[in-house]
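**Student:** If you want the building blocks of each chain, they are given just below.
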Amino acid sequence: MTRYIVDRIVQSLAVLLVMSFVIYGLIGLMPGDPVDLMISADPKVTAEDAARLKALYGLDRPLLTRYGNWLKAALGGEFGYSRLYAKPALVALGPALVSTTILVGISFVLSLLIALPAGVWVATRPDGPADRTVNLACFAGVSMPPFWLAILLILTFAVGLRWLPAGGVPTRSDVGLGEQLRHMVLPVATLTLLQIGGYLRFMRAAMIETLRQDYIRTAQAKGAGPARVLLKHALRNALNPVVTVVALGFGGLFSGALITETMFAWPGMGKLILDSIMGNDFNLALVALLFATLLVLVGNLLADLAYAWLDPRVSFTEREGGP
Amino acid sequence: MSEALALPAPGDGFLGRLGRRPLAVASAAILALLAALALLAPLFAMLSGIDPNAVDLLQRLEPPSAQHWLGTDDIGRDVLLRLLLGGRVSLFVGLTAALASAVIGTAIGLMAGYWGERADALLMRLTDGIIALPLLPLLIVLAAVDLTKLGLSAELAGSETISLYRIVAIIALVGWTTVARLVRGAALSVRTRDYVLAAIGQGASPWRVMAVHILPNVASPIVVATTLSVGNVILLESVLSFLGLGIQPPLPSWGNMLTNAQELMTSAPWLAIWPGMLIFVTVIACNLLGDGLQDALDPRAQE
Numbered sequence: 000m001t002r003y004i005v006d007r008i009v010q011s012l013a014v015l016l017v018m019s020f021v022i023y024g025l026i027g028l029m030p031g032d033p034v035d036l037m038i039s040a041d042p043k044v045t046a047e048d049a050a051r052l053k054a055l056y057g058l059d060r061p062l063l064t065r066y067g068n069w070l071k072a073a074l075g076g077e078f079g080y081s082r083l084y085a086k087p088a089l090v091a092l093g094p095a096l097v098s099t100t101i102l103v104g105i106s107f108v109l110s111l112l113i114a115l116p117a118g119v120w121v122a123t124r125p126d127g128p129a130d131r132t133v134n135l136a137c138f139a140g141v142s143m144p145p146f147w148l149a150i151l152l153i154l155t156f157a158v159g160l161r162w163l164p165a166g167g168v169p170t171r172s173d174v175g176l177g178e179q180l181r182h183m184v185l186p187v188a189t190l191t192l193l194q195i196g197g198y199l200r201f202m203r204a205a206m207i208e209t210l211r212q213d214y215i216r217t218a219q220a221k222g223a224g225p226a227r228v229l230l231k232h233a234l235r236n237a238l239n240p241v242v243t244v245v246a247l248g249f250g251g252l253f254s255g256a257l258i259t260e261t262m263f264a265w266p267g268m269g270k271l272i273l274d275s276i277m278g279n280d281f282n283l284a285l286v287a288l289l290f291a292t293l294l295v296l297v298g299n300l301l302a303d304l305a306y307a308w309l310d311p312r313v314s315f316t317e318r319e320g321g322p
Numbered sequence: 000m001s002e003a004l005a006l007p008a009p010g011d012g013f014l015g016r017l018g019r020r021p022l023a024v025a026s027a028a029i030l031a032l033l034a035a036l037a038l039l040a041p042l043f044a045m046l047s048g049i050d051p052n053a054v055d056l057l058q059r060l061e062p063p064s065a066q067h068w069l070g071t072d073d074i075g076r077d078v079l080l081r082l083l084l085g086g087r088v089s090l091f092v093g094l095t096a097a098l099a100s101a102v103i104g105t106a107i108g109l110m111a112g113y114w115g116e117r118a119d120a121l122l123m124r125l126t127d128g129i130i131a132l133p134l135l136p137l138l139i140v141l142a143a144v145d146l147t148k149l150g151l152s153a154e155l156a157g158s159e160t161i162s163l164y165r166i167v168a169i170i171a172l173v174g175w176t177t178v179a180r181l182v183r184g185a186a187l188s189v190r191t192r193d194y195v196l197a198a199i200g201q202g203a204s205p206w207r208v209m210a211v212h213i214l215p216n217v218a219s220p221i222v223v224a225t226t227l228s229v230g231n232v233i234l235l236e237s238v239l240s241f242l243g244l245g246i247q248p249p250l251p252s253w254g255n256m257l258t259n260a261q262e263l264m265t266s267a268p269w270l271a272i273w274p275g276m277l278i279f280v281t282v283i284a285c286n287l288l289g290d291g292l293q294d295a296l297d298p299r300a301q302e
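First to last, the protein sequences are chains W and Z. The opening position of the first sequence corresponds to residue 0 in numbering that gives the first Met the number 0, with each subsequent residue numbered one higher. The opening position of the second sequence corresponds to residue 0 in numbering that gives the first Met the number 0, with each subsequent residue numbered one higher.
With the rest of the complex left out, here is chain Z:
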């Protein structure tokens, strides 16, 4: 309390506050390392001369060796390389779906908060409706939809790219509600401030008011919510892929690498350990980083 009048000391900035949270810093480092390894995965594949999709039935379920550091899977593919390539997929889906959710949520929240009244009632009713749905079963139905019945050619519907983007799309479709509520609340309160009213009085367009005056006020909570949702998305992607409804093999993802793990548990338990471990570490790192960012971005929350 008595520090209220003290001048800001060095290290009181955003990075300083984040730096005092060792868990958040460690999480950021782990995520950076995982991302770097995943990005470099094709390079590792080239250097080692191993084809991550090459089936070799003579080398099924091999334990770790000098050639295959983490052994091979049930059709003789290198587990380590597939883990790294799976990381590319999981991190890509996590980041793009979280960003897409943030963009949709921000747009809807801004519109509801700026225009208020009818638009607000309608959009918030929609938001409440989506929040009131059983998420996982709904995602399963959306992931199981036969795209050829929507007019896509069979070839396109079965392609790797579509399997990747459809999961991003369906998660973003239901994932925007948190950000929408945050932004709407902030927009509602900022909307009536004098400087916003002055801007409107001087003829600023609604888009300009939203972008210049309202958005900067809600940037911090959006960043926190998006960081937290990256972890959630990776978790959802892994569940759907595990059930055979997300990323389709041979494209590896951490979720679909575990699809057969339950049957192979007695013969090759390590196959069940590694992909799950990476999902767990990535998700907990996102959550701890999000938690740290929340405190670092909002100094008032500090005791």
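In isolation and in its complexed conformation, chain W is listed as follows:
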């Protein structure tokens, strides 16, 4: 078990290292250039000054040398300064991570609370009218352009009914919790509606597959009641693949909320990534993208571990027997 985990962690770090080089290279291909930006901000800088600055920052050196220098600094915990926030890039990342965790966390829990029970429920009546309706609704959810869903919700609840604010986060610290919650309703609703469909369809498929197994028939034949068969025998096993998919999706959520955060001016990771790329804030973009990659990799690792932990047949352990 330990060996497997160590292997997987080493693998993930390798992917992260390769990614850091790819992103570093791509960032160098963005429009604009840090020194050019400095020149446009200060007309007194001459061409010689610019050349000297480029030499000073090492921008005239080959890509590999520059990357090597960056990596050395990064491993020492030094990720450079953010142009947009005028802070060290890591410091600028902190609050965004907190905002995203709140938004993503709440909508993630909400969507699971709706999707999993609903998925189990429709799995017990496959191809009935309820199943067909829910199935169509799920397809609608996964086919919805995120920005359009946000626009529709804003049009309805902020512009039309005037019940809720259209976006932003209250900055004054004297507004109450109620006002802060009101600002969260629409972004949370958007993210939740976008996620439910996928999880529900997956839960339903896993449950239907499990209910077809012989041991379910055995349990029924031995006189176990329908509720007991469903919850005790079927759900326990049907949840295994679902947990894996949920863990896989979770890592991606941190950067996947990019559109929702942008539409509702929610100052999270996704919006920070977009703003830093669009605003030529290369140091910040690099750190944020690497952090987003790291979160996805952690999600994948957790998914693998959860899968192996839950399903005793997948064995890389000396663990005896199973639950």
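Think of the hints as simulated: they come from the structure by calculation, not from any bench. Computed from a prediction, not measured in an experiment: that's the story for all the values here. Glycine included, every Cβ here is placed at the ideal spot set by N, Cα and C. There could be a bad hint or two in this list.
[To be verified] Where chain W lies over chain Z, by a calculated footprint (3+ residues, C-beta under 8 Å):
#, segment
1, 88 to 95
2, 133 to 141
3, 144 to 151
4, 234 to 247
[Unchecked claim] Taking lysine-lysine pairs in the DSS-like style, the calculated list, with each CA pair at most 30 Å apart, reads:
#, chain 1, residue 1, chain 2, residue 2
5, Z, K148, W, K86
6, Z, K148, W, K71
7, Z, K148, W, K221
Fit chain Z to the given chain W structure using the hints.
**Tutor:** Showing chain Z alone in chain W's frame:
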């Protein structure tokens, strides 16, 4: 179960099974209609005598009228014509990027599955690596790359054709993994069957074995995955274009027609409704059709 020995009844073929899935049939019809309307868009423009790119600041944000059936946008262009022309762009990007992904994925999957061992380990490591990336931010970075820094002339880099093909290219670059995994799995299992071993023993080249013996076995899952990915690609294209990183105006796409929609929401809400509605309808139709095809192509999945 008892039907296992029954002779196939009429309508048990692929089309018969697809025909019993009304949602899939309706989806196919809607997609065909949208494609036909989009293809005929230049004809409609000619017949109505409206130039879809003509700016008319005296007719900004007009509500629907006899001349402009769906009204005009914020610089006075006809919304209906631009929707149809945008459909050409969105459908073109969706189809070409999905097909390109399928071709790349099939090639990589076949090579990994046929040669196995080292080639397999290497290619699947690459596939896993790409799957483990945060997709949307990566696409944004790729879409924001300044092509002049890669040696393209400024004129070419800013052209309409390049903006169209670069989005196809970057989506295909990250979109091939699903098909690669499907094909690899199937190729691995077919590779050891007797008839494949016999073909190899008779001196068939690896390419012949892949094309004649392995590929037909994986055609169905490839078709299903590609249909589903057309919808996903259209969704991704619309997101990138919406953010100003995909299809560049004045060339309309359903995504970039919504770029200003948020600011205009109070004055002209219909501008925010139509392009999004078309994206939604197209994507859900692709997904329902893909789902229907999956069941129709794989009779064993039927209960």
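**Student:** Go check the segment 144 to 151 of chain Z versus chain W for me, would you? Three or more residues, Cβ under 8 Å, otherwise it fails.
**Tutor:** holds (count 4)
**Student:** With a cut-off of 30 Å on the C-alpha distance, tell me whether K148 (chain Z) and K86 (chain W) pass.
**Tutor:** holds, 29 Å
**Student:** Within 30 Å, alpha carbon to alpha carbon, are K148 (chain Z) and K71 (chain W)?
**Tutor:** Distance ~26 Å between K148 (chain Z) and K71 (chain W) Cα, so the pair holds.
**Student:** Mind checking, does the segment 234 to 247 of chain Z have 3 or more residues with a CB under 8 Å from chain W?
**Tutor:** It holds, with 5 qualifying residues against the three required.
**Student:** Count the residues of the segment 133 to 141 of chain Z with a beta-carbon closer than 8 Å to any beta-carbon of chain W: does the count reach three?
**Tutor:** Holds, because 8 residues of the segment 133 to 141 of chain Z bring their Cβ atoms closer than 8 Å to Cβ atoms of chain W.
**Student:** Does K148 (chain Z) pair with K221 (chain W) here, judged by a C-alpha cut-off of 30 Å?
**Tutor:** violated, 72 Å
**Student:** At a Cβ distance under 8 Å, does chain W reach at least three residues of the segment 88 to 95 of chain Z?
**Tutor:** Coverage by chain W is violated for the segment 88 to 95 of chain Z (0 residues, Cβ < 8 Å).
The structure does not agree with the numbered hints 1 and 7 stated previously, though it agrees with the rest.
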